[in-house]
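*Asks:* Single-letter residue listing:
Protein chains: 2
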Amino acid sequence: MTPLEKLITHIRKSVLLTDEQAKTMTASFVTKHLKKKEILLFAGEQSSHMRFISEGCLRSYYMDKEAKEHIIQFGIEDWWINDLYSYLTFTPAKQFIQAIEDSVVLQIHRDKLNELYNSIPALERFFRFKFEKAYVALQERTINTMSKTAENRYLEFRAKYRDIEQRVPQYMVASYLGITPEFLSALRKKTR
Amino acid sequence: MTPLEKLITHIRKSVLLTDEQAKTMTASFVTKHLKKKEILLFAGEQSSHMRFISEGCLRSYYMDKEAKEHIIQFGIEDWWINDLYSYLTFTPAKQFIQAIEDSVVLQIHRDKLNELYNSIPALERFFRFKFEKAYVALQERTINTMSKTAENRYLEFRAKYRDIEQRVPQYMVASYLGITPEFLSALRKKTR
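Chains as they are written, first to last, in the working numbering: chain R, 3 to 194; chain W, 3 to 194.
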């Protein structure tokens, strides 16, 4: 499948799109090819696009005052990745988005997407679902960080994101879980 | 204005609704009259409704293991209030919703709302906006709790919710800010 075909297939898992609508929609997406380690969004820039991963693996992270990186999200094929807060509030991104592998991302500008909502109501539904899910994920992430032990967070991560765990370097998994690589390694031995 | 007229006016601030659509929509809302202190949603119940406040003032809060209440959200006329996580995930609510004053709330069941999305695309847009804003508000609340001082949180609350500060008991404002009533009182004196 081409990247655009993957996008159409992905959207059709949630809503009905006619071939005509699919054609109109895909005309507004731009394909970006990223090399491993290439940065798609810099903190400080405004995120004006929604971004679909058609191939590869990316991460979003913020950098604290000591220049330490904290991973917020991983994304692989068939996921969306963004600094959604920046996109929704027109403010500078707090997060970087970077390719962990060579990747292909399809992105659409906010203005184009807002136009498409008018001509393709199914797309507006798709993104309503998206924002509902983003709300739920953010709530879960907040609760997990505050109330669960590192071991439980690791076990949940492994259950939910098995395929990601095997693709990204261990120090990144540790950063996502908010623990040291040494502690992650101990957890892995313990829970094997 | 009647409660239903207020709802229509509120929704028309964001999207276009024909009179016909407004009529169809309001037929699916149920009006609830609440006495001061009455509970609209109990923790443990599933929240199956979206809830618009047409009159009065409510709060949502959770109760910790020591039965201490932590206020998550206040709501007054023209606001929506809910345990949105419960509504979106079909899980038991973690929050209570309670009237702080005699209040009138209009609520619509999830199933009815999902039906209306099909006949009134403008309503789907309205709720897309709603979920986008809910995401932004949740993100801001999380960041504020983690990274701002109590004094700054109080000043922001006062700037943003002046009308609420004057309507709810001070101990509830303290609970919302995560500080003691004594500390709030000291902050009020200091920042007067």
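No wet-lab data here; the hints were simulated from the structure.
Here the structure is a predicted model, which is why all the values come from computation and not from measurement.
All C-beta atoms, glycine included, are put in the ideal place defined by N, C-alpha and C.
It is possible that some hints are incorrect.
As the list claims (entries may be wrong) - Between beta-carbon pairs, the in silico distance windows are:
hint : chain 1 : residue 1 : chain 2 : residue 2 : range
1    : R       : Phe131    : W       : Phe44     : 39 to 45 Å
2    : R       : Ser30     : W       : Pro94     : 37 to 43 Å
3    : W       : Asn154    : R       : Glu22     : 49 to 55 Å
4    : W       : Thr26     : R       : Asn116    : 42 to 48 Å
5    : R       : Phe131    : W       : His111    : 16 to 22 Å
6    : W       : Pro94     : R       : Glu153    : 52 to 58 Å
7    : W       : Lys39     : R       : Phe131    : 44 to 50 Å
8    : R       : Thr93     : W       : Thr93     : 29 to 35 Å
*Asks:* Of all the hints numbered above, which does this structure not satisfy? Sort the numbers upward.
*Replies:* Hint check: 1, 4, 6, 7 fail, others pass.
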